Every structure is written in structure tokens, then in C-alpha cells.
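*Asks:* Chains D, P and B, in that order, are what the protein sequence lines are.
Per our numbering, the very first residue in the first sequence carries number 1; after that it's consecutive.
Per our numbering, the very first residue in the second sequence carries number 1; after that it's consecutive.
Per our numbering, the very first residue in the third sequence carries number 1; after that it's consecutive.
Zero decoy hints are in this set.
Each pair of labels, with its calculated beta carbon distance range:
#, chain 1, residue 1, chain 2, residue 2, range
1, D, 578, B, 95, 49 to 55 angstroms
2, B, 69, D, 621, 36 to 42 angstroms
3, B, 91, D, 610, 21 to 27 angstroms
4, D, 575, P, 170, 40 to 46 angstroms
5, D, 48, P, 248, 44 to 50 angstroms
6, D, 610, B, 175, 18 to 24 angstroms
7, B, 57, D, 610, 31 to 37 angstroms
8, B, 178, D, 610, 18 to 24 angstroms
9, D, 621, B, 91, 29 to 35 angstroms
10, D, 621, B, 73, 39 to 45 angstroms
Below are the SDA-like pairs computed for lysine to any residue, each with C-alpha atoms no more than 25 angstroms apart in a straight line:
#, chain 1, residue 1, chain 2, residue 2
11, D, 315, D, 412
12, P, 50, P, 16
13, D, 152, D, 162
14, P, 54, P, 196
15, B, 87, D, 612
16, D, 546, D, 206
17, D, 621, B, 109
18, B, 25, B, 142
19, P, 54, D, 504
20, D, 360, P, 63
21, D, 315, P, 95
22, B, 87, D, 599
23, D, 511, P, 47
24, D, 485, P, 88
25, D, 511, P, 48
26, P, 50, P, 12
27, D, 511, P, 54
28, D, 150, D, 16
Not everything, but these chain D residues come out facing chain P in the computed CB check (under 8 angstroms):
#, residue
29, 415
30, 422
31, 423
32, 492
33, 530
34, 540
35, 544
Worth flagging that the hints you see were computed from the coordinates, not collected in a lab.
Small disclaimer: the values here were computed from a predicted structure and weren't measured.
All C-beta atoms, glycine included, are put in the ideal place defined by N, C-alpha and C.
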Amino acid sequence: MFVLIVLIVFIIACGFGASLKTRASAFIGALGPTAALAAAPVVYGVIRRGETLTLENLMPFPFEYCRFEFGVEDAVFMIPLLIVGFTVALFGICLKKPEHAVMQPHFWFFLNITYAGMMILLIAGSVTLYIIGWEIMSWAGFFLICTYYKRKEVRDAGIIYFVTGHLMFLLILIAVFMFDYKATVYPSIIFLAVLAGFGSRAGLVPFHVWLPEAQPAAPGHVSALLAGVMCNMGIYLVWHFTGIEMKQVGIAPAWWGYCLLGAGAASALYGAIMALSQHDLRRLLAYSVIETTGVIFMGIGLGYLAEHYGYGDLKALLFLGCALHIINHAVCKSLLFMSAGVIINQTEVSDMNLLGGVWKRLPVAGIGLVLGCAAAAGLPPLNGFIGEFLLFNGCVAGLQAEHGGIQIASIVMLSVLGLSSGLMIVCFTKLAGMTVMGEARCKAVENCVQSNTALQYPLLILMVLSVASGVAMPFFITVPEALWKLSLCMALLIALAAGLLGLRRLLPGAKRDIAGRAWEGGCQPESGRLQYSGSSYVQPMTSFLKLLLRFRWNYRQSEKIFPEKTELSTGEDDVILEYVYRPFFRLLYGGCMKMRWFQGGLLSRYILYIVLILLFLLVWKL
Amino acid sequence: MSTGVIVLLGNVLTALLLAPLVWGMGGKVRDWFEGRRGPRVTQLYYDIFKELRKSANYSSATLVFRIAPVMGFCSLVLAAGLMPAGGAASWLGFAGDLFLLAALLNVGRFWMALGALDTGVSGNAMGASRDVYYGVMVTPALFLVLAVLAVVSGGMTLNGMFAVDTAYRFGCRIMVVLALLLIYLAESARMPFEDPDSRYAAAMVKQGMARDYSGPEYGLVLYAGALKSWLFASILVLAALPVMSALPLYLYWPALFAGVSLVVMGGGVLETILGRLPMPNVPQYLLLGYGSALLALIFWLYG
Amino acid sequence: MELINPALAVIIISCLLMSVVNRLKNCLYAVAMQGMLVALIPPVAAGLKPEALVLALAALLIKALALPHLILYSIREIRSRREVEPKISYPLSIVFSMAGLVLALWLTSRMPLPGGGNTGYLMVATPLFMLYTGLFVMISRLKAITMVIGFLIFENGIYLFSVLPGLQGSMIPALGLGLDLLVGLFAYGVARFSINRSFDNLDRSRLNVLNAELEGEER
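Isolated chain D, as found in the complex (with noise of 0.2 angstroms):
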């Protein structure tokens, strides 16, 4: 335990000593996270003895003694923040070039403060270090959002972020004021105030609304951050508060298992419906972000239920499931995320309609997409399935327990499991498929060339980490029985397609391959805009799902004879804070506006409204 404070106050010393603007500043800055990666002894230690390590009254706070806690789940947790800490420290020292996005002093200030909060968050036991460790990820989180703040949009994203972090703060502040002193009076109130206020940081709809536009706003490697670890500590707290707080306290009614599940649910499809149809890399990957949190979310819900109706093995099956979702979509996330960074650093292009052929001309980040779109959407052998099917089994489990509700609990979770698989499926062929396959969109990308070579060292360490967490897991970590025959199934399908490939070199034809046209339809596209673009590929799921998307489609149809110049256009913004925050907030301005008589700017008023009030008072109480 000491060596996780000692570790915390290191890393605030190397911000501490990263802000100071000298040559090596990027080095100390990145030394934080490195020398965290001390920490992996012990949370394996932890891990693998199933111990709880717990420290108290190490210094005497103002309002209570604080008390450090940190043990199994803490572990799980913390597991995704060293690995992408680490990774992230690496991208920022190896970004060299273009001049504007390198990283500045503060950006590793705010990087070490952030991952220090993260860690006081992990092993915080007390409510006070919990709201402390919370506040300071979310302080640092903004600035590190703004890195690049000299541009107008990232700003308004940061205010987006900055706004509905605290709007959800408030309410988290309440749930803590009422858990101290009325726990058993409102339960629901504190419940629903711990889902909305932590929920809205993991991405829980309708209160994401941030998370699409900071994503696209943050550099690279922070965007990598905020998803593979920011929003997993939304989970820990939602997971943590409903699992012990609740239980020390004795309250834990069925409702929240079903309220849990139907959160997560709604969150696993909106977040992949959403994502079918954005054009913007990050954004699509933000949305498929909110629909991994809403899959935990589900299964946190199910197990939750489990336990309350008392199915153990259940329980213990699912939430497995959901650490292991945790941690490998984590991974494959932030691999996504720092692959599109260097995809977006070096062609200066976001949009994937204009994207294309980056794998002939950024071959690693190609092939960081594309691992990482094949390991994010679910699939065997990458590390992304083991999650989904210890879920899927936790719902078959949970079909054949005899409690009705469970039963169907389990039917809701597993139709929406296999609609949202099919979705991402959709989603990241779209990702990978506009973005690194096929030819360049526009003449900025196919003029790119790979100037920043060093970048990827990051990529292919969470690269070898996504084929080989999936394969090697069961030596790390006790894992039931079937476990160990999945990762051998998987390593056997990694064997047969080697094999298979090497044995199409043997073939005789093989030495007369080339690489010349194709048939290509009989037709000779001259220019890479003839392909296929996002919007035309998710074209039918679209118009099948048009009453939810909203999709905007402008086009101005030519009405002559002879064609004449024409525009399409697409677009589409997220329902929700197009739907229900902003004419909320545009009331809510309304209404302000209207109010605005009520500072006249005369003094002679205000002395009115003093001697209003002071006369009341005077009033009341005589």
C-alpha cells in the first residue's frame, strides 16, 4: 500500500516538475506513468491472492480520517490505467512533428495530475478521498481535453465536458451529503444520483453527451486516455457504490438491477446506432465507447440481480465477464484511439469520407486500425471476445435460473448483446474500411507520408497486447475450466490462418502473382472519390433506422435536362443533445433573458431589493 502513495506523490512531483518549461520537461513528464508501471507487482499480487489491502488514519483530515482501500476490483480497475498510461506518456514523448501538436509543459502538468487522481480514486476508501480523487481527474481531464485550446471547437468541447461533468458533480455531491446522514431514508434518491452523476462520466445515455464531442476535441493519445480509463472509473464507481456502499448499509432492492440493466441497455444501442452513422473517426469511436459502458453496464445490472436473488455462481460468472470486458476493451479502445491520432496527426483529415488507403502510406497505424477494429468489435481471437462471451454465458446461465425476472432479464440482455454485436460489426468495417482500405479520398491524404516513425512503438505495444491478452490470459489470472479451451481455440485459429498463408506461398501459382487492375465492374475509377463512402456504406441500416437517427440529408436535386452542378450532403448529431439538452438549455436561457429586467443597472434598485429583503426579515421574525 505504501508503495501506491509513494507512486501517487511521485507522479505529482513529475508534473509538478514537468510544468517547468525546460528541454527535458517531456521526459519528467512522461516519467510519471512509467514509474507506475511499478505498481504492477502489487495489483498482481492482489489479484492473484484475492487479498485486500488497507491502510487508516494515515493523516488526520479535516472532516474525517481518510482510510485507503484497495483490493480486487481495485486491482481490475487499475489494470487498464497502467497499461494506457504508459502507452500514452510514450505517444506524447514520440509526437515530434507538426509543430503545433507537440506537446507543451502543460499538457504533461495536467497528464501526471490526471492519472494521479485516478490512482487516488482507485485506492480511496473513504468518501472524501473518492470525491477528492474524482474532482482532480475531472479538473485535469478538462485541461488535458484542451490541449490544443488555441482552436474555437475544442474550446466549445471543453465546455461541453465542463458543464455536464458538473451538472453530474451536484448530483454526486448530493448522493454523498444524503449517503452520510440519510442512507436508509432515500435510497432510490442516492441510487439514481450515483447512476446519473458516475454513470455520465462512463458514458451512461442520456447523460453522455459530452463524451462525443470531447473525444474528437482531445489529441490522439488523451482521447485514448479518457476512453480506456475515464470512463472505466465511472463503471468502478457506479460498480463499487451499488455493490458495498449500499450493502454495508443493508439497502440493495431488486429495481436497481433492473434499472441498471435498462440503462446499460439503452446505452449499448444508442451508442451503436449512433455510431453507424458518423463520419468523423473519433466520434464514431466515442460512440461505440458509450456502447462497450452500456454492455458492463448490462452486466453489472444482471449480476447485481443475481446476487440479490441469490445465484452466486451467477454473479461470480458475470462479473468476471464484465472485468475482463473492462480491461481488454481498454485496451483495443485505446489502440483505436492512438491509431486514429496518427492517422489524424499526419494527414490533418478527421473526416472519413475523405480518408482512404492510409495503410499503403501509414502501414502501422493501418494495421493498429484494423487489429483494433477486429478486437473491438468481438471477435475471436483477439482479446476483445473474451469479455462477450463470458457475458453471453452469464445470460445463458441466467436463462436457466428459475426466477422469472432473471429469465427475463436474460432475454433482454442477450437480444440486445447479439443486436449491438451485428451493429459493431457494421460500425468498425466502416471505420477500418473508409479510413485504411481501398484509395485516398482527397489529395491531402494521398500526399501524406509517415514523418513521425517513433509513434509507433505505443501503437505496436497495444497491438501485441490485444492478440496476446486474448490468447494468454488464462496463465495470469484463475480463470474457470473453459476459459483455458477458448484461449486454445483462439491460439488454434491464429495457427490455421498462419499456417494456411504460408502454405498459399507453396502453391505454384504463387510465383506469378502480381499486382496489377483488377476487373474493378468494368470500370476504371480515375479518382479515389468514386468509392464507396461512410454514408453510402451504412446507407441501408440508415434509411432502416431513420425515426431514431435523425439523419440530416441535404440534397439539391437538378431539375434540368442537361446535368448541372449538384450537392449532397450528410450529417448527424447526437439525438440526445440535440433533442433534450439544447432546448433545455435554450430555455433555461430563455428564461434568463426574460429575467434580465432584474438587473437594471440602477443602484437606486438594488438598494430596493436590499431593503425588500431586510424588511421582510425584520417582519418574520418580530
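We have chain D already, so just place chains P and B on it with the hints.
*Replies:* Chains P and B only, in chain D's frame:
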């Protein structure tokens, strides 16, 4: 050698050896209905060997284009290896392998779509877009069907699912068979979801994805198509006739071959009767598959 | 004691006059008279002690002579129009003044009075009413200089509170004179910066223009 290994090898070998034959048989039935001679039953074998001997033209595509058919093929081979035979589990079988089966069947779709997009040709991309569109609707149906079978059997292994002594109510079984039939038709690119004989690019779904392949890759694509058809048909047969798992192993594979041929030929009959569905109408039929699986579950739980 | 009550009554009348006088100069005469009485009452009520007399003299000089002259000087400096410009019409002002008097009397009846029965009713009501009048003048007039006058009345009221038995030895009178200094500063400031109306450029009509500009910018 343990039973598991025999089952594994037997399943893989029968699939690899007999799938092209069965594919040819389905084609023959259709040709007979349409009053023409058509290619011979074993034509697919010749096609595959021919392609394997050729060299390939990769156009301007990348590694993914070359990997895609391999991944699709290997995942199907592994899926075939997972299936049980005659009441005995495969050596690779484990608790929960039904989800691995479902996922493996999706792997090919993902990689083939990527490969199609890689060529940069719009026709291929159109095929890919439609294929993943079908996939969105077929995947939940498949998951739910497998879940129904698992619940009915009380366990989570493929072996248990198809076992003979499950108290399988009739209504439940009919729904499961209907769902599996629709899934089979969609996944094997049969009518009413796709016309396997069509040459019209704008009408292709799975074929559209494969148009730019040549040489051994194309051979693998053809082979994978036949394997997929075999696999889905065998799932259908095993679900419809649990008695198959009571057969001793030396009778099981011939019986499987007979059953699968029946299914594929029946599919051929259906193809001649039904026309191709227009694209906007496809979802309701695939959702019908999902609905049948759901009804099956409800029948089982509350019937 | 018998002298005080008429004096208090005159003070009340002078406050009531505030709401009706039209010309600024007359306002100032009323305020000066008020100041004189306010300065003289405490020594009479408390007994003629030397320090009280010194204080009274200082207060007299400041409240009745220095400050009104300063304010007059400001009025001439800023060349303002010589009349009070109220926001509320005169009849309404009278109503509000009367209401204020009633309120002050009512509050006095409800308050626990210090010193038992010795304290007259009026002795508490008058300062309260003066406070009210001062605030009322500040609120309902548009000119900056009338605000200064209002503040002066307000401060006179505070000074008068020192008449009460419990507060006689306290610092209130001295602090009150400090507040007078503040009033003087206000008056000087008005003269120096030519503040004709209270914050000219934040006049109501101008504020509407500002409003429209802001809204135009948002769209």
C-alpha cells in the same frame, strides 16, 4: 485416440470433403426445376482445384485483402471442429462453446467486408454493406436460437444442446427450426435473400464482396461459401432431429450427410418457388427469424 | 424629556417633507434643520456631559452646515437642473412616506424596548422612520445627488439611535460622524465626476439598447 479427437477430425474432414458436393446438389435441384442441365454435381471441386493452381492478381489492395478469405475459411474450419457428433463432444468442446461457434461464423463476415472495401471498387463495397446489414439482423437471431437450445438442454455445451433426451416441446422445436431455416437461407446466400446465380452486380450481396478475388483466394472464397452452407444446414439438422445424437459414430456422418443434402436440396426447391426479396423488405423476414427464436424461448419457459 | 418629543416630531415632519419638496434647495434646508435637531437631541436626552457636548457641536457643524453646503456646491458644479426628479410621482411618494411612518410605529410596538418604560415611543420610531426615508429617497430618485441626500438622512437616523438608553455610551455617534465623512466623499465624487443622474450610461433606455445588441450577437 479419444472420442473427442475422432469427433473433431471426423467433423472437419466430412465438412471439407462433402461440402462442395452438397453445394452442387443444391444447384442441381434448382437446375432440374428450371429445366436445364447445368454444371455437374461435383463442379465445385473442379473449380476450387482450378483456382488453387492459378496465380492471383491483387490489384492495388493490401494485406487485408489477402488475409480475409483465409480468416473466413479458418474460422469455418474451426467451427466445424467444434460441432459434436453422435452424442460425443469434440475434443475442442467446452462449457459455453456455443457462443464461440456463433462468433466464429461472424469472423468471416468482418474480414470479407474489410477485404471488399480494400479494393476500392464500389461494387464490392456495396456487397459488403449489404452483407453486414444482413448480419445485424441475423446475429441476434442466431444468438437467441443457440440460447434456446442451451436452455432446453440445461447445459451450455454444443454437445448437450443437440442431445436426444431433452424434453423438447413441439411448439418450441418448430419455432427453432423456422428460425434456423431463415438463418440458413440468409447466410448461405440463397433466395429469397440473394440469388446465387445472378450476374447482376447491383443485386449481389455475398457474391458482391468476392468479385475482385482471383486465384487461390477465390478458391478459398468458394470453399468457404460451401462450408458455411454445410455448417448452417448441419446445425438445422441437429436441432430438428435430436435423434441424430443417439447414433453411433460410424452411422452419424452418413446420416449427417443425408440430412444436410436434404436441407440443401429443400433450399433449392424453395429457391425456385420464391423470388428475390427487394432490399427494404428483407428486414422483416430476418426479424421473423429473431421473433421465432424469441417465441421458442417463451414457449419453453412458460408453455 | 418634554423638549425631545416635539423635536422628534419636527424631525418626522422634515422626513415627510422629503417626499414632497420639489426644489433641491428646499430639500437641503429640510435636511439641514433635521441635522441640527439630530445633533442637539442626544446631549439633551443624556444629560449635559462635556464629551456629549463636544460631539454635539461637531455633529452640528458637519450635519447642519458643512454637508449641506458641500452638496449645494456639488449641485452648482454639475450644473444640474434644480429640481428633484422622482421616479414615483409625488402623490405616490406621500403615500409611501405615510406607509413608512405607520410601519415604523408598528415595528416599534412589536420590538422589546430597552430601558423599560422610560423610553418614549417616538424615540425608537423616529430613527426607524428616518432610516426608511433615507432608503426611500435613495430608491425613488433618479439623480445621483439625491442619492447622497438620501444617504445623509439614513445616516442621521443611525446617529439618532444613540439616543436610546442602552446605546448611549457606545461608539455609534462617533461612527456616525465617520459615515458623514462618507457622505461628504459621495458629494465630492458627484461633483468631480459630474454624475448627473445615477450612472448615466446605464440609464434604462440605454440598457435596452445593450440588450438588443447582445441578442443580435448571439444569433
